[in-house]
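All letters in the sequence shown, in the order written, are residues 3 to 388 by this note's numbering.
Derived DEER-like restraints, expressed as beta-carbon distance ranges:
#1 K375 to Q263: 46 to 54 Å
#2 G214 to S346: 27 to 35 Å
#3 L31 to S208: 28 to 36 Å
#4 D59 to L341: 26 to 34 Å
#5 G384 to P360: 16 to 24 Å
#6 I230 to K169: 41 to 49 Å
#7 I230 to S346: 17 to 25 Å
#8 I230 to S307: 31 to 39 Å
#9 I230 to S86: 51 to 59 Å
#10 I57 to S86: 27 to 35 Å
No lab work stands behind these hints, which were simulated from the structure alone.
Where is the CB? At the ideal position from N, CA and C, for every residue including glycine.
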Amino acid sequence: MLYESLRYFAGAKTPSTEFTVGTGDELSLPEDSWNDPFAADGGFAYCAKPFNLVISDVGTSYDSDQLPGSAFSNYKGLLPSGMSGLNVSDWTKTISDKENVSGNTFFIGEVKEQNNAGLPTAKTITNLAEIRGLAPMEPTKQGSYYAAGLAYYGQMTDINPATGGQKPKTVVVAMASNLPQIIIRTPKGAVTLIPFAKSPKDKGNSIDPSFGKFQPTNGIVDFYVEKITPTEGAFRVNFEDVEQGADHDMDMIVLYQYKVQDDGSLSITLTSEYSAGNTEQHAGYVISGTTKDGVYMDVYDIDTSTQTAYYMDTPLADDLPYPYNSRSVGSNKSALLPLVRTRSFTADSSKSAANFLPSPLWYAAKWGSFNDKNGNGIPDSGEWDT
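From just these sequences and the hints, can you work out the full model?
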């Protein structure tokens, strides 16, 4: 975690208690003691450059609370003297303002003090410091953009009292996302399509399908491309029925097909082909760059005997996407999903097909290791992208 790494470079003597191994750890993991890396006795020379090398999944998770200044908690961690003024929200908000993110609409799981937490719907973002739950891959896992704010803080702040300036830079190696993003070119503009599925019910009744309760977002195990031409495509997606901690096997397979029609419209067909498991799954996609952007939950797994009417479902051919469909919270949900569904879309060139935010680690790399040639404290062109 960048927060702990910065504390180390600042000369903290011990890790935060929230991130220690602990006496109750069943694995009995060893834990090294901390030493000030720039200590006069036994430390590195004051001119040694501190770097954070972050090797991580592109999607951060559960990193929004135990940080000073978090908008989602009132965390009071012990900070070394060189970091006494750290407020992660302030640094992350600055990035929002400079990146023209504040006030615009993006797909995200949660915006502070707004509804639909944990659902990858389009939401107006106040700033990067007040959002979490990366969409659409991990909307329930509370991944935040604070890594970017921490990286920027390190880039700009002399955090150790040793002679000279000790400003940690951040370099990122982000592993490829397991979430496919299909960009479809049409005569009227580009459309982005991302497969998406949820599990609203299981045979053990441990999953509550009600609005406001937790329903797993299905992990993508395999993605098979069968056909790609300038106007058509077909691919199969193998979904795991939970998010984490399970067997990651073949629980549901859905065939996705798209075709750009002669009139410039786009047709998308989903076919539920295979399933095997104890959990009911509903599948669809998140689409952007059209006149009807949003989340479509269109088919169910074929081994479900009694289907659950789920509030995110879009069972009818003329449905608007969730949360705008007529069967949203508190309304009639009698219609059920089919096994095959085709929808038609019209691209809208006035809308961006890239209204998914970059990874927090992308911002961390950009704002945490730029060569500030003009001294304005901002990664201008030529200072971070060459």
